[in-house]
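> Once you have looked at the hints, place chain B on chain A.
Line by line, the protein sequences give chains A and B. Residue 144 in the working numbering sits at position 144 of the first sequence; the count goes up by one each step and never skips. Residue 64 in the working numbering sits at position 64 of the second sequence; the count goes up by one each step and never skips.
Keep in mind the hints are simulated off the structure, nothing from the lab. Please note that a few of the clues may not be correct.
It does not matter which identical chain is used: a pair holds within one copy or between any two.
[Claimed, not checked] With a straight-line cut-off of 25 Å between C-alpha atoms, the simulated DMTMM-like cross-links for lysine to aspartate or glutamate are:
{"id": "1", "residue 1": "Lys71", "residue 2": "Asp101"}
{"id": "2", "residue 1": "Lys184", "residue 2": "Glu208"}
{"id": "3", "residue 1": "Lys164", "residue 2": "Glu248"}
{"id": "4", "residue 1": "Lys164", "residue 2": "Glu310"}
{"id": "5", "residue 1": "Lys71", "residue 2": "Asp93"}
{"id": "6", "residue 1": "Lys184", "residue 2": "Glu310"}
{"id": "7", "residue 1": "Lys164", "residue 2": "Asp93"}
Predicted model only: the values in this text are computed from it and were never measured.
2 protein chains.
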Amino acid sequence: MAVPRLAGIMSEALRRRGVSPDHAGYVVDGLLLASLRGIDTHGVRLFPTYLAELDGGRSVARPRLRWRGRKSASRVLDAGRALGLVAGRVAVDEAVRLARDHGVGVVAVANSNHFGAASCYTLEMARRNMVGLAFSNSDALVAPHHGRRPFFGTNPLSVAVRGKGDELFCADLATSQVSYSRVKHRLRQSLPLEPGWAVAPAGEDAAELPAGAPIAALKPLGGHKGQCLGMAVEILCSLLTGMPLDHELAHLFSPPFDEPRRVSHLFIALEIAAFTGPAAFRSRLSQWLGAVRRQQALGAERVLVPGDLEAASARRRARSIPLADDDWLALTAIERRLGR
Amino acid sequence: MAVPRLAGIMSEALRRRGVSPDHAGYVVDGLLLASLRGIDTHGVRLFPTYLAELDGGRSVARPRLRWRGRKSASRVLDAGRALGLVAGRVAVDEAVRLARDHGVGVVAVANSNHFGAASCYTLEMARRNMVGLAFSNSDALVAPHHGRRPFFGTNPLSVAVRGKGDELFCADLATSQVSYSRVKHRLRQSLPLEPGWAVAPAGEDAAELPAGAPIAALKPLGGHKGQCLGMAVEILCSLLTGMPLDHELAHLFSPPFDEPRRVSHLFIALEIAAFTGPAAFRSRLSQWLGAVRRQQALGAERVLVPGDLEAASARRRARSIPLADDDWLALTAIERRLGR
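One chain only, chain A, in its complex shape:
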C-alpha cells in the first residue's frame, strides 16, 4: 500500500479518537519506519491492535504524562496508559535533553504499552548524535534455559549510532533465539524448526517434533546467556519501574483490552561529544563498518553490519509497503469505517 495512504488512514483514525497531532505523528512514524525497514512484525500490522487497545481502554488517547525523580540525569515517566510509541518518543526526547546537559540521560517508563520496534528509539537518538540504547519488557513467551514453560518475554534491546553521512549501525534484537512470528510462520507452513529455537510441550527441543506440531515456548538466545540477557532487560524495565513482571503481563494480542497492561521500558542516551570527538568517532565508525562488510564469508553468504538489511529495505520500500492479505483487509476496513 502506498505510504501516504497508510499514513493517512492511521493519522485520521487516531485523530478521530482524540489523539493529538504530535502523538499521532509518533505512532504513524514509528509504525511506518518499522515497515519501511522490513520489520513487518513491528510495523503497520500492529495498527489494528493499537486501535483495539485505544477503543477498549487499555490505552488512552490523551494520556496524563507525569515525571518522577529528583536526580539530574535520570527520570521516570509515568506514561498513564499512553500508547507505547507515544510514551517511548516522549521519553527519548527527555533522555537526549538530559544527555546534552550531563553526558548521559536515562529515562525509565512505567504504565506504558507495546512500544513497537526498539530501533525506532535508538535510531532517533543516533540521529541526534547519541549512542542510543533501548529496552522493553514484554509478555512471557520464552522459557528459561532448560525450562519447559514461558516465563520471560522476548525482551528486546537495541543499540544504534550514526557514522558518516547517514550511515547507521543499528542492532535490534529480541533476547530469544528467534521471534515467535518466525516460529509461527514455520508451523503454519508445516516446515521444521531448527534446534535451539523452541521447546516442545514435553520439554524436549521442538526440532524433534513432527513439522507443524505446536510448541510450548521459545528458547533464549544461545541458551543460558540469552536467559541472562532477557532477565537483565526485565530488571532494567519491570523491576526498576515497579511495573508487572513479564509473566504477569497480559498478552498483546489477547483480551482484556479494557485493562492496562503496564508495560515498562528503559532508554539510555550517551552523548558522543561527552566522551570523544564526534567527527573522528563517526568517520572511524564508518571505516570499521566498511571493514566488517569486507570480511570474507563462507560460500555465498555475506558478512552483514547490523541495520544494513533494514536500510536497504527502507530504500526499496520508500513509496509503498507490501502488506500481507490479512493486514491489507484490516487496514482497508479501518479506512472504510473512516468514510474515506
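Using the frame of chain A, we list chain B on its own:
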C-alpha cells in the same frame, strides 16, 4: 591453594614492583573473587600474565590516572597503562559517585589493560545499591556471523544487582557462544565441539571437524545476534574512547609485553533509589529470582538464576582455591622468587 597464601604471594609481588597497597588490593581482590566464584579463566591464573605485563612495561605500576570530560554525569578515565583491575575499580568508584549525585554515572576507560572478570565491577556496583553494567573490548577471537576469520573480541558484558540480604543477580557473559578456554579444553582432550561454537579453517562449522582439529575462530552467541552484541560492546568501548578496535589489539597472552595494549571499558551505574523504592525493589527482585529457580526443568536439569552457580562456588571455595598444575607451578615459582 589456601586463599591467604595466594593473597600473600600476589600482594607481595605487586608491592615489590611498586604498586601501591590500594591498587594491589584491587588486583588481588578481583582475581581472588573470580577464582572463588569458579571463573577460573579470569581468576588467579591470570596473575603471572599480569606480572609479565608489569615487568615488560605493557602496564605500569604507578599509572598516571587522568580524567577527561566536562559533563556532570559522565567521565573518561585515561588509565595511563594501569593494570585493568586498577583502572576498572577506580572507574567504578567514580561511576557510583556520579550516580549518587545524578541518578546515573557513566565512566569510559581508555589506555587500560585486561580487566579480569566483568562481574568484579558489576558486583561492586550492586553492593552499593546500583544496577551495575560493565563492558570491555578484547582482542579478536570471534568471527562475524557467516565469517571465517576472527575480527571481534569475545567482548564481555555484565549486569548485576542486589536482592534481599546478600542475594545477587549477576549475569557475566562473553558475546561468543562459548569461551575460547572451553574450546581449547575440548580440543586438548580430543573431544568434539558442538555446532555453533567455532569456525573451522575452511569456513564450515568446527563441529564437522575430526575431534581435536584446530579451529579458525569462535562463533558469536546464537549467530547474527551475538555479532550485534559484540559490535555494540566495541562501540561502547573502543569507539567511544578512541582506542584501538578489537582486531587492532595485541593478544593478552602474546608478546610484545613492552608495548601498551590500550584496552578500553565502559561502566554504567544506575542508582536504584533514583527510579524506585530500593527496599521494595530488592524484595521484589528476590521473590522473582525465587520464582525463576522454581520453574520446572527438563529431566535432571535445573533452571538457574545468573550468578547462583558462582555464589555456590564462592561458599565452597571460601578457604582454598583448587589450581590446575600449570597455575600451581607458576604461582609457586613467583612465591620462590619472592624468597618467601
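> Checking Lys164 and Glu248: alpha-carbon separation at most 25 Å within a copy, between copies, both or neither?
This pair counts as between: shortest inter-copy Cα distance 21 Å, intra-copy 43 Å.
> Within, between, both or neither: how does the pair Lys164, Glu310 come out at a Cα-Cα threshold of 25 Å?
within (18 Å within a copy, 43 Å between copies)
> Go through the copies and call it for Lys184 and Glu208: within, between, both or neither, with a Cα cutoff of 25 Å.
within (16 Å within a copy, 30 Å between copies)
> For Lys164 vs Asp93, is the C-alpha pair at or below 25 Å within one copy, between two copies, both, or neither?
Close inside one copy (23 Å), not across copies (35 Å); limit 25 Å.
> Since the copies are identical, ignore which copy is meant and state whether Lys184 and Glu310 lie within 25 Å (CA to CA) inside a copy, between copies, both or neither.
within (22 Å within a copy, 37 Å between copies)
> Are the CA atoms of Lys71 and Asp101 at most 25 Å apart within a copy, between copies, both, or neither?
The answer is both: 13 Å in one copy and 7 Å across copies each meet 25 Å.
> Pop the pair Lys71 and Asp93 into one bin, within, between, both or neither, using alpha-carbon distances up to 25 Å.
Classified as both; 17 Å inside a copy, 19 Å across copies.
Figure legend: structure checked against the earlier numbered hints; every hint is met.
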